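Chains A and B supply the protein sequences, listed in that same order. Read in our numbering, the first sequence has 283 at position 283, and its numbers run on one by one without any break. Read in our numbering, the second sequence has 1219 at position 219, and its numbers run on one by one without any break.
These are computed hints drawn from the structure, not numbers from a lab. Note that the structure is a prediction, hence the values are computed from the model and not measured. Please note that a few of the clues may not be correct.
Said to hold, decoys possible - Reference listing, derived: stretches of chain A covered by chain B, where coverage requires no fewer than 3 residues with Cβ under 8 Å from a Cβ of chain B:
1) 23-33
2) 53-64
3) 99-105
4) 382-390
Unchecked claim - Coverage of chain B stretches by chain A, computed from C-beta distances (three or more under 8 Å per stretch; other residues unrestricted):
5) 1132-1142
6) 1240-1246
As the list claims (entries may be wrong) - Straight line, CA to CA, 30 Å or less: simulated DSSO-like cross-link-like pairs of lysine-lysine:
7) B:LYS1472 x A:LYS145
8) B:LYS1072 x B:LYS1145
9) B:LYS1158 x A:LYS145
10) A:LYS72 x A:LYS28
In this text, a Cβ means the ideal position worked out from N, Cα and C, and glycines have one as well.
There are 2 protein chains.
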Amino acid sequence: MSNQAEFQAVRTTIVRNERFIWIADELKPGLFSEEVEPAQLARVEADDTAMHGWRAVRDAEIGSLESRELGKGQSVIADFGDHRVGYLSFEVRPVGSPPDAPLKLRMTFGEMPVEMAVPFASYDGSLSSSWLQEETLYVDVLPGKVSLPRRYSFRYVKLEVLDTSPKYRVSFFNLKCMTVTSADRANVIPFDHVDPLLRDIDRISVRTLEDCMQDVFEDGPKRDRRLWLGDLRLQALANYATFRNEALVKRCLYLFAGVSDERGRVSANLFIAPELIADDTYLFDYSLFFTVTLYDYYEATGDRDTLQELWPTARRQVELALERLDDSGIVRDEETWWSFIDWHESLNKQAPSHAVLIYALRRAIRLAEAVDCGSVGEFGRRLADAERAAVESLWDSEQGLFVSGEGRQVSWAAQIWMALAEVLPSEENRTLMRRLLSTKPDIAPTTPYMYHHLAEALLVVGLKDEAVDLVKQYWGGMLKNGADTFWELYDPGNPDFSPYGSPLINSYCHAWSCTPAYLIRRYGL
Amino acid sequence: MSNQAEFQAVRTTIVRNERFIWIADELKPGLFSEEVEPAQLARVEADDTAMHGWRAVRDAEIGSLESRELGKGQSVIADFGDHRVGYLSFEVRPVGSPPDAPLKLRMTFGEMPVEMAVPFASYDGSLSSSWLQEETLYVDVLPGKVSLPRRYSFRYVKLEVLDTSPKYRVSFFNLKCMTVTSADRANVIPFDHVDPLLRDIDRISVRTLEDCMQDVFEDGPKRDRRLWLGDLRLQALANYATFRNEALVKRCLYLFAGVSDERGRVSANLFIAPELIADDTYLFDYSLFFTVTLYDYYEATGDRDTLQELWPTARRQVELALERLDDSGIVRDEETWWSFIDWHESLNKQAPSHAVLIYALRRAIRLAEAVDCGSVGEFGRRLADAERAAVESLWDSEQGLFVSGEGRQVSWAAQIWMALAEVLPSEENRTLMRRLLSTKPDIAPTTPYMYHHLAEALLVVGLKDEAVDLVKQYWGGMLKNGADTFWELYDPGNPDFSPYGSPLINSYCHAWSCTPAYLIRRYGL
């Protein structure tokens, strides 16, 4: 997920817990590196049937790169064969007379063919153009070796000669990428599946998670590159089922707890460099996911010490969320981006947010029991109240669906989160999800993040076949459309959708999209 | 001077003299560094009366830089108060919310206001656009310090925020330049002059030379940055009268001699990095200037060892030039760029080149005498023949001027070089120059390089007042037009002249323009 200007900037005072930050620093992971060479040279072709209208096709074997002599205006695309996160280097030599002017070069990095085809200069989206991965650089001394200092997230890289001089051309060689990740592939729980599509979906999920695992769990290695709580929660779940890097989850929890605000609230996301900073974005659901992520962590590891130490922070998120309840006991709605839930522009956040509160409360109570905290009783009463209020105020018995906000909006998100929160008895919960699938409300999921919750809700109510179908259709759809890693955004009915106004800026390796590995393995799909 | 595509590329075999190259390497100078801060913030204003139509004016004191908060599309120009050659660094901090996207920044360096005003993207000249000094860079971590690895030649630098994000702006501070030169200011021969204009011209000449003195004598620190023989000869003369870095001249002579071709010919220019390479450009006059430069070096230093060792190379240039004489004993003319002389497009090179041969022969004979070489007699005869042929074939007694080429072109260059070569007896030589000044042929000097030879020719024939007037008008003209250092190109009648098609690419600190310090001091102007 990514910040936008519309997010409410809140002035707040951060209370640094130096012990928490010290513990997080101690847990900073080493990175695994691998030197990877391109698989082939590629070119992009316009193709209406391809994602965003562009397809990459084989141009030549990679061995032919060195023999290509490029002059002003000429370019070549190297295809690294799979998604890569790392550092690029290459060597370049002059061909012709001694170089009597510097080489001016543009390098364009792309996770998808569209990034190789559509000029970045045409970008006019809402997110900063500075996320578009390109470099313009000069090589003063030829032959020379260039090692780019920035990290890129890409499969394709275009080398474009902007200028040489009429007296020489250049050729490139030793092009390679030094990949980085804090995921240890040797530690992945082996997995196979009789269904080749689910096997592929699992493999790509694992790869997506791997490329997002860096100093912290990043949301996307191409863009944002930050630690978001909503993404962290899902990455942690996929991680327990695959790489089992529990220390990295612990680190991220301590980072969030290390910079809560004066009311004890954790931020929606953190900046890690040059120093730990809590972003001034606070989201109702994301703060609660601190509690949920701690719950999942404790379930996966049984690490009581961490639970003990972070419990006050986890409890506090629930207390603050409860303060938001109105007279009818429902989470107060607001015009601004007070809660995330999904990218859908018209989505009302009240009902799904209320469900997230119930979902988190339920888990907070189990944690309170584990640490023998006096909040158990109070939290139990509040949970019962919140559930009752949900049914009284948000349940539309005529439609048999939950409604949200003043406009009594019926959204997929509201039903999904109410199902995950298990507000209704088991049988009715299953009926709710069945009704959702049959009535198909207009306000539908727009992101893999929401589709994950849909799939898990189906599993929670026991609709496993429907969940399998969904995973195969949705994540399988990305796969069919050329995904090497799963995307930030994929709307099968509107494949060009970008909440930012351009598919160029979308992230095509995005943490919240990596959950099929968790769903498939955990629920035995 | 600078290579152009029209230069003839000649396939030739280089014979490396490892001893010469070793000696040159041993003489590689250390560089003097100084940390310089900008003098003020500036802005550029359109002004028809200013050079290239743009004037830089004070905008604010430099101390106000840090308080400027720049968002997307905003920029600031720092004025370093004088011409600088060196490395730029600055710090940048975010203002507003934590930076949720990289900072994308463009830096544009300019020796002249025009470079701050006219977008480089509009450049469409004949030289590579890669010489235009700009960088597009990303700062991923803020606050941050940026130290640019390339060397720039500039007075002005524009910092332009291409993108941040709607959540933050940036401010810059600690902007500075670490200058580099191999010229030791402490070693400059002190000089004063009662005429303030000549004093200023001398000062700017010295500064021009200083900024061109690096690992070698560069022709221009902004563009080309190479060791050209024609520039070296003039820089060496100015250097003897000012910085007295004789070792640097010696180094450059050994570099040229170290990579002559299989016939013993020295190249017009050398590339120094990543290794010594002789350019494939050979020019009749430039090769002869090796001999002349060795002569001047020996005159200035009395270094007999160097003379002895380099004499065979110096002699060889003369021998090769003599091979170019046709049946009438005149240097053979050609369509291509076989000899430089000046940038004038219509200039015929035959007569001035023949004069350069005579000029060089005369000095070669003195060197031959000094090393007691058997060539003395032969060279003496060839000199007499060349002088006689010049008078017989190139002297137009009706006009009282020398003519050049099949078209019998009357150019300033032909008269100037014939005067410098002292082909005519002393009194007639003075008459020749007087006639040149009064007849003003159309084919006039276009570069400071040619103007230098005009001034020195006036001094050689004893027209000192005319030489002083010329220096004050020509170099004083650049000064009046805002020169901090003297330029590669200045045509008072056509100030926008660029042989490359755009004043953006001209070099405004150019070695061949630094000679007034030599003329003023050596001839006591």
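Structure-based check of all given hints:
no.	hint	verdict
1	23-33	violated (count 0)
2	53-64	violated (count 0)
3	99-105	holds (count 6)
4	382-390	violated (count 0)
5	1132-1142	holds (count 6)
6	1240-1246	violated (count 0)
7	B:LYS1472 x A:LYS145	violated (48 Å)
8	B:LYS1072 x B:LYS1145	holds (20 Å)
9	B:LYS1158 x A:LYS145	holds (29 Å)
10	A:LYS72 x A:LYS28	violated (45 Å)
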